[in-house]
Structures are given as C-alpha cells and as structure tokens.
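> Construct the complete structure from the given sequences, taking the supplied hints into account.
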Amino acid sequence: MNRYQQIKLAKQVGKWALIAVIMVYAIFPFYYAVITSLKPSSELFQVDYWLYSVDLGNYAQIFSQDSFIQAIGNSILVAISVVFIALLLGVTASYALGRVRFRGRTTVMLVVLGVSMFPQVAVLSGLFEVIRTLNLYNSPGGLILSYTIFTLPFTVWVLTTFMRQLPIELEEAAIMDGATPWVTLTKVFLPLMWPAMATTGLLAFIAAWNEFLFALTFTLTDSQRTVPVAIALISGGSQHELPWGPIMAASVTVTVPLVILVMIFQRRIVSGLTAGAVKG
Amino acid sequence: MSTPATESASRVGARATKAGYRGTKVRRQRVRAAWMFLIPMLITLALVAGWPLARTFYFSFTDASLSDTAGAAWIGIENYLVFDDGNWYGILTDPVWWQSVWNTLFFSVVSVSLEVVFGIIVALLLNAEFKGRMLVRAAVLIPWAIPTIVSAKMWAWMLNDQFGIINHLLMALGLIDSPLAWTADASLSMWAVIMVDVWKTIPFVALLVLAALQMLPKDCYEAAEVDGIHPVKVFFRVTLPLITPALLVAVIFRLLDALRVFDVIYVLTSNSTNTMTMSIYARQQLVEFQDVGYGSAASTLLFLIIALVTILYLYLGRRQLGVDE
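Chains as they are written, first to last, in the numbering used here: chain X, -7 to 272; chain S, 5 to 329.
By construction, these hints were calculated from the structure, which means they are not laboratory data. This structure is a prediction, so every number in the text was calculated from the model and none was measured. Errors might be hidden in some of the hints.
Which bits of chain S does chain X cover? Going by a derived footprint, with three or more residues having C-beta under 8 angstroms, they are [said to hold, decoys possible]:
(1) 102 to 116
(2) 220 to 229
(3) 262 to 271
(4) 285 to 298
Now the stretches of chain S that chain X is said to cover, found in silico as 3 or more residues with beta-carbon under 8 angstroms [as the list claims (entries may be wrong)]:
(5) 37 to 46
(6) 143 to 154
(7) 160 to 166
(8) 181 to 189
(9) 201 to 212
Beta carbons: idealized from backbone N, C-alpha and C, even for Gly.
Printed below as a string of structure tokens:
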C-alpha cells in the first residue's frame, strides 16, 4: 500500500467515523428514552445501554390516566384546527402577495415577517385578556386562536414563495377566459398548491403540537391541557422522585407519530423549511 | 434582484395595458380581490398580535393584576423605574432582571455559535456523496422533530445526577470522580441547557446550510481540484464566502428564537435564577406573582430588544429574502 492509498483510506475511515458519531449523537437520546420507557420500574435506576426484557407497565400506567388521553385528544384537536385555519387564511393571502402587484404589498410582507419574529411572551398579558374576554380561557378554542400568531405568518410566507414559482401562462389563460380572481385561485392554482399546502400544513402541525408557553398559561385544569404541558407537569412525591418511567413512556408516545411523519415526508419538510428562509 | 414573481406580475401588467380599458378593469379587479383575500389574515393578525401587543405596552404603565386587568390604574413609568423614600425601585434596578438579561445574551450567543459550527460540519458531510445519505439525513432530522418539552425531559433523565447515563458514562471513562449535578449546580446548569438546545437545533441550521451548498456552482471546485488547492483552503476561500448570505439568515432566525427561549429552560431548571431568561422572568411576574403591570414592563423590554435585532435583520436580509420590488 503506497502513501496515496493510505491517505485515501484514512479519509474514508475518518468520514465514516464522523457519520457514525453524528448518527449516535442524533438518535441516542431518543433511543435511550425508548429503552427507559420499556423497563420495569425495579430496573429503572440501573444504567443499561441495551434492553434485556420488555415491560409495558409504564405505558399501561399512562394510558390508564384519563387526563393523559384527554391531553392527546386536545393536542390533536388544537393542532388540526390550527393547521386548517392557517391554510385557509394563508392560501388566499399568499395568492394576493405572490401573484398580484399592488401598492402596499411590501408593507404587508414586512408586517407578516415582523409578527413571525414576535416573542410570545410580549403578547402574553394582552392575549390573556383577549382570551378571557372571548370566554376561551381554559379551553382548546383559546389555544387555537393564540397559535395562529406563529403558524399564520409562517404559512403565508412559505405559501407565497411557492405561489410565485407557478407558471404565469396558467393565470393569463384564466384572465383571458374572464375568470375572476376567486375562480383563478380555487380552480387554477389550488390544485397545483396541494403539495406546498401539505408541506406547510405539516410544519404548522408540528409547531402547534410542540407549543408549550401558551398551552401552559392559557389552560388551568388537567382535562384541558395539551400533551407537552401534561408531560412537563407529571410529578411524583417530590422534586427528587419524578416518575421517570411513565414520563419517558408519555414522551415516546407523543414523539413516535412525529418521527414517523418526518421519516415519510423528509423531502417535503426540508423543502418547506428552506423555502421559508433561503429562496426568495 | 428580480424574482420570477415580480417579472410575471409585471408581464401581466404590460399585457393588461395593451388590452386597454378591459385590461385596466381586470387590473383594478385583481387589486381589489387581493385586498379582499388579505383582509381575513390581517384581521386575525391584528386580533392575536397587534392588539395584544398594544395592551402589553399599555399594561406596562399600569398596576394591572392578573385577576383584574380592566381596573388597572395608570402609574407612569413606576414599573420600570421609580425613586421612593431615598431608594430606586422598578425593573431597571432589579438585579434578577439584569441577571436574566445576561443569561439570555450568554445563552443566545454561545448556543447559536455552536449550532452554526456544528451545523456547517453536518451540512458539509450531508453534501458529500455516500451510501445511505438519505438515511443519515433522516436521522439528523429526528432531534428537530422531537417536541422541545420531550427533548428537555429526555436530557433531564440522561443528565440525572444519581441515575443519569451521562454521569455513568463519564465515570466509567474516568473523566470525573463523582457524579455531577448538571441541572442544579450553578456553574453547570447553563451549559446543560445550552447542550440540549444545541442538540435540538443543529438540524435546522444544517438543513439551511445544506440547501445553500447544493446551489453552489461546481466548476470552481473542479478548478480548485485541478490546481491542487487544499480542501480546507477551498472551504475558507470559496465555500464560506458563498454560503454567507444563507448563514446570515440562519443565524438571525436562530438568534431571534434563542432570545425568546422559554420551554427548554423552564423544564430543565424551572425558575432557577442561574438560568433564568427574560421570557421566564416576565412570565413568572405575570402569572406566578400575578403582577401584570410589572411583567408587561419586562415583556416590553424584551420586545424592544428583539425588535432591534429584527430591524437589523430586515435591513441586512431584504435582498436575500426578495422582498424588494
């Protein structure tokens, strides 16, 4: 083996070692949560790198609690409603912003971008008042309303990027045929926008599913909580006796659907994330 | 920079002008429809963002409490600063507030720097051709998809002082003699929080950088290879300058996120002052102490800091984002 081959081999080894390190780093915490959740409580405090036997006791325990099942139901209800509202308002707005030239378009774009930069805590007291006035405190409605603050600007922004890429000829033909903007949007563009809407909807769903600050502040009782709050508030006898087994079982339960979604739609998610930031 | 959209829009405009009266009518109809399409979104944003923000500003000058926001009385800038009986009071004299400002800045700068460095490394690797690249990309996305609360809990368990796998591993390797209290120790807890945040957000930075890498022209790399220039030199002289615009966008996005950080710290270290950020400080005043006036003053200051960064971003980023006409 000559020197050139040695260098080439070293490079290959280095590359695969780096890949292995990154893979372990990315996956290990989740893997460890899965292992912990499948251990019987007697073995919980013994550190293992591998699972020797499967025990579903932790899962049985969390699914026997009504509040956890209600929390899953609330999370699904809130996330789906938020996605629906954001897409409905977002797709019409993105048509206006992406396809029509009018005075004030740049201003509207900057307002949308500005809102997406809002720190959530800056609107917390004002939003609390709005939610209480509308009688939505401690209900999924309050969360659905408040979550539009971060899902809507993002949806509008990404859909506008996609809307701009559609060919102009379609629109010209529709205008020549005398179609109104509403017909152009619903009959010509909407069928072409489904992939983009699926991407954006998925990202909005994940954002709503993961939200914590509003859910913690705008709900009061266990039956109205969403899953992240439910998990954060699982507690034992004291600070030092947290029931780690059930916490990990609950964590794995709410994460597995997301991980599966990401695996299936990774191409779409990547294009959606980068469309929001890089392309213009 | 002329985007396809502005081109196409102006083409419609030009043809519409040629078509004369009918064209103007179509154009006017389109502009009117555009506003009709925008109004529902604008009303929603006004309801959930504009109005609440204005109320927060207003509350910061009142003595509002959580149970009674309507009966708030105007007290001027007393929440911010007041001289009373020989002493200064108000948020600007509160050492805990300044501690949380410092914590937020420290957290933001350190975690975003680490994320950028590791994000570039991961992106460069994913940009190379190798078997199973899609699988690695999917694996790298996992931390991004995991809810922040869940990742905080997972790491809290791994970092547990008595039974955590990290202490176990470090002791087995002989790096430490006794277990470390990662989330309780004043000198370690901030680093624990940064570690979790970095783990969670490397994928985001890596994906943005990867997208920029994939748009780079191939020919200058071929030229560099022919000339036998060292890859490290090629990276710093060619790649890095070319991906700087995308990097800038990623940095500002992440910086804005980091400045308002709440959930990961709330779950890992609760209300400990060692890691308290501006968001946690404001929420504690607002909700736990029920002092809406004082908490709103903290929120307002946080908003002003983030607004400054955002304005800087819009100024620098206008071109890349293609908002310009």
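> Check the structure against each numbered hint from earlier and tell me which ones fail, lowest number first.
1, 2 and 8
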